[in-house]
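Protein chains in written order, with my numbering: chain A, 1 to 78; chain B, 1 to 178.
It is possible that part of the hints are untrue.
To be verified - Here are the computed lysine to aspartate or glutamate pairs in the EDC-like style, where the Cα-Cα straight-line distance is at most 20 Å:
id: 1; chain 1: A; residue 1: Lys49; chain 2: B; residue 2: Glu103
id: 2; chain 1: B; residue 1: Lys177; chain 2: A; residue 2: Asp39
id: 3; chain 1: B; residue 1: Lys110; chain 2: A; residue 2: Asp65
id: 4; chain 1: B; residue 1: Lys36; chain 2: B; residue 2: Asp139
id: 5; chain 1: A; residue 1: Lys49; chain 2: A; residue 2: Asp39
To be verified - To spell it out: a stretch of chain A is covered by chain B in this simulated footprint if at least three of its residues, at any positions, have a beta carbon under 8 Å from a beta carbon of chain B; those stretches are:
id: 6; segment: 15-29
id: 7; segment: 48-54
Hints listed in this document are in silico derivations from the structure and should not be mistaken for laboratory results. Note that the structure is a prediction, hence the values are computed from the model and not measured. Glycine included, every Cβ here is placed at the ideal spot set by N, Cα and C.
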Amino acid sequence: MSLHNRIAVFRAERGISRRQLAEAVGVNPQTIGYLERGDYTPSLELALKIARHFGVAVEMLFSLDRFPMTFGRAGEGE
Amino acid sequence: MKRSHRSILSRLDDAVRWTGIPARVADDLSDDPSVKHRPLRWVPLLQIAFSCVLLAICLFWRLEVSPGAVVGVMTAMGLSIITGGWLVHTGGPLGKPSCEDDEREAALRKNSFLFCFGLLAVLNCLGQPILLIVSHWQDWPTAYSSIVAFSALILNVTLLGTLPTLYASWNFRQLPKE
């Protein structure tokens, strides 16, 4: 079962580069790229670190089901 | 006569700098290191092919020269293969120190070496009994058996040095620029 995520959406909204997010959570910038493309499933620790960096619950970033298409800001009203 | 007043510690520092290791570490840790760890998809295959050809030559083309000369040539070829394998390993995606890996890179390194050791185990479990049976069946002379065994060793070392890089390189996917 694949793990879907909205890291790219949150990152774009907050104007954070891959490198900045990678440095904040202590990984290589390429790893953020692989995560966004769904080529790599993060550990629980990394998922929690990313969620904490964006200030949201981990369920808002990662899901086992596809995220619905939304037109508001990511994380609003959820 | 000029006397030097430098302490033993400063001389030891000089000795460490002379090895080039501090400069290499500083370069690796810089934002733009001079040694790039790029995926190497074809160079390891060439190395493996070269070692396979060497083993095939030793198996099917009985060398009619003195054992000493053959061993000398084989040693030189083996060293060249090992050096090549080392270059492939240090220049490839697994070339940087493992202590700098993040969790994805550590997982890739683990999978690469698991693939390598698994394949080596299977090849050796199959190849060694076959070579043993054939050598006994065809009554190989000791010098010939030694040459075949040595070329098999070179193939093993080459596979050990290149297979992890090969696996990691073929698993590498280029990411689009931001």
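Now for the hints, and whether the structure bears them out:
1. A:Lys49 to B:Glu103: holds, 13 Å
2. B:Lys177 to A:Asp39: holds, 16 Å
3. B:Lys110 to A:Asp65: violated, 29 Å
4. B:Lys36 to B:Asp139: violated, 50 Å
5. A:Lys49 to A:Asp39: holds, 19 Å
6. 15-29: Since 5 is at least three, the answer is holds.
7. 48-54: With 0 residues close enough to chain B, the hint is violated.
The structure fails to meet hints 3, 4, 7 from the earlier list, while all remaining hints are met.
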